[in-house]
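**Q** What follows is the residue order along each chain.
Protein chains: 2
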Amino acid sequence: MSEFVSICDVGPRDGLQIAKTRMTTDDKVKWIASLYAAGIPEVEVGSYVPPRVIPQLSDTAEIVSRVLAEVPGLVVQALAPNLRGAQNAFNGGVHKISMPISVSEGHSKANLNRTPADSIAMMKDVMDWMKAQDRHVPVIVGASTAFGCSIDGIVTTKQTVALCKGLADAGVEHIMLADTVGYAHPAQVKEVIRAVRSEIGPVVYGLHMHDTCGLGIANCLVGVEEGIRAFDTCLAGLGGCPYAPGASGNVVTEDLVFMLESMGFRTGIDLEKLFVSRDILHAGLPAEPLSGQLAKAKIPPTFRKAA
Amino acid sequence: MSEFVSICDVGPRDGLQIAKTRMTTDDKVKWIASLYAAGIPEVEVGSYVPPRVIPQLSDTAEIVSRVLAEVPGLVVQALAPNLRGAQNAFNGGVHKISMPISVSEGHSKANLNRTPADSIAMMKDVMDWMKAQDRHVPVIVGASTAFGCSIDGIVTTKQTVALCKGLADAGVEHIMLADTVGYAHPAQVKEVIRAVRSEIGPVVYGLHMHDTCGLGIANCLVGVEEGIRAFDTCLAGLGGCPYAPGASGNVVTEDLVFMLESMGFRTGIDLEKLFVSRDILHAGLPAEPLSGQLAKAKIPPTFRKAA
Numbered sequence: 138m139s140e141f142v143s144i145c146d147v148g149p150r151d152g153l154q155i156a157k158t159r160m161t162t163d164d165k166v167k168w169i170a171s172l173y174a175a176g177i178p179e180v181e182v183g184s185y186v187p188p189r190v191i192p193q194l195s196d197t198a199e200i201v202s203r204v205l206a207e208v209p210g211l212v213v214q215a216l217a218p219n220l221r222g223a224q225n226a227f228n229g230g231v232h233k234i235s236m237p238i239s240v241s242e243g244h245s246k247a248n249l250n251r252t253p254a255d256s257i258a259m260m261k262d263v264m265d266w267m268k269a270q271d272r273h274v275p276v277i278v279g280a281s282t283a284f285g286c287s288i289d290g291i292v293t294t295k296q297t298v299a300l301c302k303g304l305a306d307a308g309v310e311h312i313m314l315a316d317t318v319g320y321a322h323p324a325q326v327k328e329v330i331r332a333v334r335s336e337i338g339p340v341v342y343g344l345h346m347h348d349t350c351g352l353g354i355a356n357c358l359v360g361v362e363e364g365i366r367a368f369d370t371c372l373a374g375l376g377g378c379p380y381a382p383g384a385s386g387n388v389v390t391e392d393l394v395f396m397l398e399s400m401g402f403r404t405g406i407d408l409e410k411l412f413v414s415r416d417i418l419h420a421g422l423p424a425e426p427l428s429g430q431l432a433k434a435k436i437p438p439t440f441r442k443a444a
Numbered sequence: 138m139s140e141f142v143s144i145c146d147v148g149p150r151d152g153l154q155i156a157k158t159r160m161t162t163d164d165k166v167k168w169i170a171s172l173y174a175a176g177i178p179e180v181e182v183g184s185y186v187p188p189r190v191i192p193q194l195s196d197t198a199e200i201v202s203r204v205l206a207e208v209p210g211l212v213v214q215a216l217a218p219n220l221r222g223a224q225n226a227f228n229g230g231v232h233k234i235s236m237p238i239s240v241s242e243g244h245s246k247a248n249l250n251r252t253p254a255d256s257i258a259m260m261k262d263v264m265d266w267m268k269a270q271d272r273h274v275p276v277i278v279g280a281s282t283a284f285g286c287s288i289d290g291i292v293t294t295k296q297t298v299a300l301c302k303g304l305a306d307a308g309v310e311h312i313m314l315a316d317t318v319g320y321a322h323p324a325q326v327k328e329v330i331r332a333v334r335s336e337i338g339p340v341v342y343g344l345h346m347h348d349t350c351g352l353g354i355a356n357c358l359v360g361v362e363e364g365i366r367a368f369d370t371c372l373a374g375l376g377g378c379p380y381a382p383g384a385s386g387n388v389v390t391e392d393l394v395f396m397l398e399s400m401g402f403r404t405g406i407d408l409e410k411l412f413v414s415r416d417i418l419h420a421g422l423p424a425e426p427l428s429g430q431l432a433k434a435k436i437p438p439t440f441r442k443a444a
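Chains as they are written, first to last, in the numbering used here: chain Y, 138 to 444; chain G, 138 to 444.
Next up, chain Y with everything else stripped away, as it sits in the complex (with noise of 0.2 Å):
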């Protein structure tokens, strides 16, 4: 039996956050329950951000529990940025809970008001809080712009270790690296990766690439090469981050998927059914451009799923 990777698909709400137009949340409850048709089994399905902050996302709390509801077995993730929301998305049902917390000065200030050592000390409280509760909910913590930031510019290795050796010793169990504005090479995901992993062992969980700069893919390729078996990937590459102009989206779901099944990893996850919630997606944020080879050229004739 082949490897397991796991992807999370948080298109829903990473890709929305700066999309044009809006999402119904039938058409979002639709494209989530086509994901977790096609295999994906944890989706991030949204945010809970104040609405005013994020009006694309003001809907979360209906989402969880209408996919809670309707879409069975699917592993349903919400980001939250502070106590109150990982608070209120435990409330809600929530399977798993994503928090970013900036390595970078800068990112940290724009992005959540806050340094990042008011961050770690923030998620001492929301792990000692999590810890007294009667149900396990995973916390999953996103160390942004863990290989560079479009405000700060260059992210040292040491400063995205230290955050992240900050966080564990808070509490936290699960740390995604994340390339918040897509300026990671491969030469630095190996360094990042093998000397955080130094410092905090398996609390180093996944990666959470952005194609900007055509990256995307060969950075989870030395992900994979260096033993990480999680990935957050966006369906048709949808979003871009505010802080970087230009900016793509995360690593296409399609195109990741293809190319870890073809080297023989297990993802669970049917690229035909994919193109399938390609389609469901455009039908619902039709006005959005959709990225992605794969589904420009179709699956080959030599395509092989693993195992």
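Just so you know, not all the hints are guaranteed correct.
Each pair may be met inside one copy or between any two copies, as identical chains are not told apart.
Once the Cα atoms are required to be at most 30 Å apart in a straight line, the calculated DSBU-like pairs of lysine-lysine come out as [said to hold, decoys possible]:
1. K435 to K157
2. K295 to K442
3. K167 to K327
4. K433 to K246
5. K233 to K157
Everything labelled a hint here was simulated from the structure, so no lab data went into it.
Following the hints, position chain G against chain Y.
**A** For chain G alone, kept in the frame of chain Y given last:
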């Protein structure tokens, strides 16, 4: 000093083959000159095929003589399909000749109208003729469909090794492993490079990858990791393959150079000047869509050129 990686931009040949509109000879010369001005050391400027086969490239002889005179310093490469083409290229004064030889029977017959075995016999004649001349012009054989074929489907590593071994035995000194239709995946690229190299050693010269399924850059990364130091690329990812509907062009020069320089490999290429070259290409071929992530996002502030 960083290690050098050699880029050959094959756009004026591979990129134009299926372009819907014609580019004038003057515009081609401007484009080629701008590539060299950006630091690209080698350009494949055309193809010595009969003009009726690829009308876009019917001015190849004129292009060769003009760029030899007007772009001093550029290594001028042209494609030749057979002995007569190679002789014409040689007599035209090119510095390097590329010759495509298909691994798969189906592509060989469709593209070259002969079997792979015929091609090996032909290459012996070509190499014998070349070695009898008083000027040394390297011949680079592109082992086409080395990773899969849109006609025959799967191409086994064994087939590719056998063809490359036959070519080396026939006197061929440089082989580019070519993913003509863009079906390769990273594990396969590693396997094929290792298998071919174990048979013919340093005759394995470079990689020529297409980005059909989104894995072009990741496949090149594997090449770099395996010690490959020569790549064919295409500014703006121009082109495609007439035998792979929906297929994209070659790996995008800008994106690959960005990756290599970021990783500490020296290419001698200036990315900002490549963007100027894109403008010149676009002016000469306005109907053709340009690909590439870096040009959309611009060079990130974290980028440092290799020293």
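**Q** Next, verify each hint and record whether it holds.
**A** Status of the hints after comparison with the structure:
With identical chains, the CA atoms of K435 and K157 are at most 30 Å apart both within one copy (28 Å) and between copies (22 Å). For a Cα distance limit of 30 Å, the shortest separation of K295 from K442 across copies, 21 Å, qualifies, whereas the shortest one inside one copy, 39 Å, does not. Within a single copy, K167 and K327 get their C-alpha atoms no closer than 37 Å, and across copies no closer than 40 Å, so neither meets the 30 Å cut-off. Within a single copy, K433 and K246 get their C-alpha atoms only as close as 39 Å, which misses the 30 Å cut-off; across copies the closest is 27 Å, which meets it.
Taking the shortest Cα distances, K233 and K157 sit within 30 Å of each other inside one copy (28 Å), while across copies they are farther apart (50 Å).
In the structure shown, a violation is registered for the earlier hint numbered 3 alone.
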